[in-house]
Amino acid sequence: MIEFIHTEACIECDKCVAACPDLVFDAVPEGVPMLARREDCQTCYLCELYCPVDAIYVSPRLAPEQALDQQAIINAGLLGSYRRALGWAPGKPAGAAGDLSYRMHEDFPGGLGEAWKRSSRGNAKA
Amino acid sequence: MTMTTELSCDVLVIGGGPAGCWAALTAREAGASVVLVDKGYVGTSGATAPTNSTVHYIVPDDATQRLGMVGSRVKEGQPFIDPSWVERVYDQTCANLDRLTEWGYEWPRNELGGEFRGNLRGPDYLQFLRRRLRKTGVKILDHSPALSLLQANDGVAGARGVSRAYGRHAAGTWDVRANAVVMATGGCAFRSGATGTFNLTGDGYLMAAQAGATFSGLEFTSNYAIAPATGALTKGIIYRSASFSDAQGQAVPRPQLFRKLADGERVFAVLDKAGDYLAEGYRQGQPNIFLYFNRMGSDPFRVPYEIRLFYEGTVRGTGGLLTSEQCETSVPGLFAAGDVVSKERLVGPAASGGGPASSWTNASGTWAGAAAARRAREVGARGAERVVHDVTDISGASTSKDTAAAEKDIPYREAFERVQAQVVPLDRNYFRTGEGLRAGLAELDALWATRHRIAPEAHADTPDGQVRAQVRLHELNAMIASARLFFTSALAREESCVLHRREDFPQSPASAPALPPYHIHVSGLDTLRQWRVPLAWTPAAPRTQPAAIAEVATA
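Chains as they are written, first to last, in my numbering: chain A, 152 to 277; chain B, -11 to 543.
Isolated chain A, as found in the complex:
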């Protein structure tokens, strides 16, 4: 569930307001968006990706955190960690080339694993 917007980093672009599929945020004139409907958050982390300045933190737990140390999360470098793991540029898709999911498909036994091994193009594996 979404936990906080880092107010010092937020540039008030309101991209999260539009992008959230469940409308968790409300825009605030001349201000940082507010978490108006946290209970609707489905923990999809997509607001983190759409944020161009890594100012949003979504906890991986479904239930709200009882005690959360914002500063510790910021210090631990967790803001923007999903974006970096995907290789996205700030607020923009990138880095799909680094997706190594093919390994889990090629691991299937029998014909399906064989089919996946033959599905990569333009290299010796094909």
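You may find that some hints are simply not true.
What the hints assert, rightly or not - Cross-link-like lysine-lysine pairs, in silico, DSSO-like; alpha carbons within 27 Å at most:
| hint | chain 1 | residue 1 | chain 2 | residue 2 |
| --- | --- | --- | --- | --- |
| 1 | B | Lys63 | A | Lys166 |
| 2 | A | Lys268 | B | Lys223 |
| 3 | B | Lys63 | A | Lys243 |
| 4 | A | Lys166 | B | Lys127 |
| 5 | A | Lys243 | B | Lys127 |
| 6 | B | Lys261 | A | Lys268 |
| 7 | A | Lys243 | B | Lys223 |
| 8 | A | Lys268 | B | Lys127 |
Please keep in mind that the hints were generated in silico from the structure rather than gathered at the bench. Treat the numbers as computed from the prediction; the structure is a model and nothing was measured.
Chain B: place on chain A using the hints.
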């Protein structure tokens, strides 16, 4: 102040996940003017957006690859599935992936630099499709849930709904007249909590049922998926590498997993069977799974973590609207694509998982879009002259006009929990019995009969608050209607068959069902009608010869 948006177009698409996007793009390319409405935001909406979805497809001119892909479906779904249909779906998917390449989509690469097209990263893929939609001139209405179809005497003629307020957009209503409509609203997971399913409340089933549509295979819906106990992300593939244990550290064999969890026992998983190479593949391929562990500071490859099950209904299950090969429903002018459609011909009584379901969104989206554009041309200019009316509106939104506030004595939350209490528990919906299903259906029928007494959720007394209460009530009605369709179908199939387990009828192996394969069809709203029909196709052998492949490519 409320805004009213009135539009007319050739094709209206309801739902902006991959199926809706492909339908809109295809209809647009065929020359139709297209409006796409989505309950959320096109780009983040639906079950695909937060995941990295596998996509199955057939590589041209490689009989071994073809046989491997189709063979995996045959193995899980025989004798129910139609292998030639699997090929048709996977061939169409290959063509769509070629289109994505042509439009500049960035594909994963293996360590040799080879391109791999078997995964579509949700956030990248859907934002890419959104840009394409905008570039081709499809009109998008975000945060605009549909509430009812519009009907003319010759078929479906549009839909109406509401728009939520966000940013500078005010709350309001919309009314879109169209010569054809594509329903692409996804499956129904009854708000069980699995990531990506929050908005998948069966709205399309309700709207289509109101218009008189027929459904098929809704008994193949007892799909539950594993997630960390306090997390929400259900991704089954990593559990191929897992060992399971109970609270005492005793090994739990996989077939006993569901029984133990149903009995309230704690079960733990550890991904100890993945070697370093595969573990790196998981981590670099599916970072959303590992966010949970990274942020909790734990290592799922070494340290056991508690798991639970989420009900996923038709999001990864199988049944849905009955459609023709062109993805037209039994209602003229109404087409359908993606998870809202029955996938029986592709996956049989088995789960559609990620790979086949993702292919289905590609293929059915393309076919539904093309067929809707054809229908729009046939209707042509007479579309504008048609007398259009609301499909009889049974949702609480309109009945509330006739019901005094004092008579609304069932709190929203209570009604919602009553639906979940029937649908979510493993003992009711995974380990099914005739007795349990009948009791569940009686409760759901009672809830349906008293739906006008459900008091809307309390919301701010603003236009958006009113819209929101209306949407929540519509979703609740959709969940009740969907659950009744599911349970009616499940009662009618008196045998156990993969995704439909009847404790009172023995499980027959998929390869040798007790009865010849047949379909359970269901339709209706207040009174549901179900009937049995013989398998609607003759399972044909898959093509494996290059000559046959060439034939498909030129067809």
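Evaluation of the provided hints:
A distance of roughly 45 Å separates the Cα atoms of Lys63(B) and Lys166(A); the hinted pair therefore is violated under the 27 Å criterion. A C-alpha spacing of about 22 Å is found between Lys268(A) and Lys223(B), which places the hinted pair at or below 27 Å, so the restraint holds. For the hint pairing Lys63(B) with Lys243(A), the CA-to-CA distance comes to about 40 Å; that exceeds 27 Å, so the pair is violated. For the hint pairing Lys166(A) with Lys127(B), the CA-to-CA distance comes to about 20 Å; that is within 27 Å, so the pair holds.
Distance restraint check for Lys243(A) and Lys127(B): the Cα-Cα separation of roughly 22 Å lies within the 27 Å cut-off, and the hinted pair is therefore satisfied. With a CA separation close to 21 Å, the supplied pair Lys261(B) and Lys268(A) stays within the 27 Å bound. Simply put, Lys243(A) and Lys223(B) have alpha-carbon atoms about 24 Å apart, close enough for the 27 Å limit, and the pair holds. Using a Cα cut-off of 27 Å, the hinted pair Lys268(A) and Lys127(B) is violated, with the two alpha carbons roughly 40 Å apart.
Checked against the numbered hints above, the structure breaks hints 1, 3, 8 and satisfies the rest.
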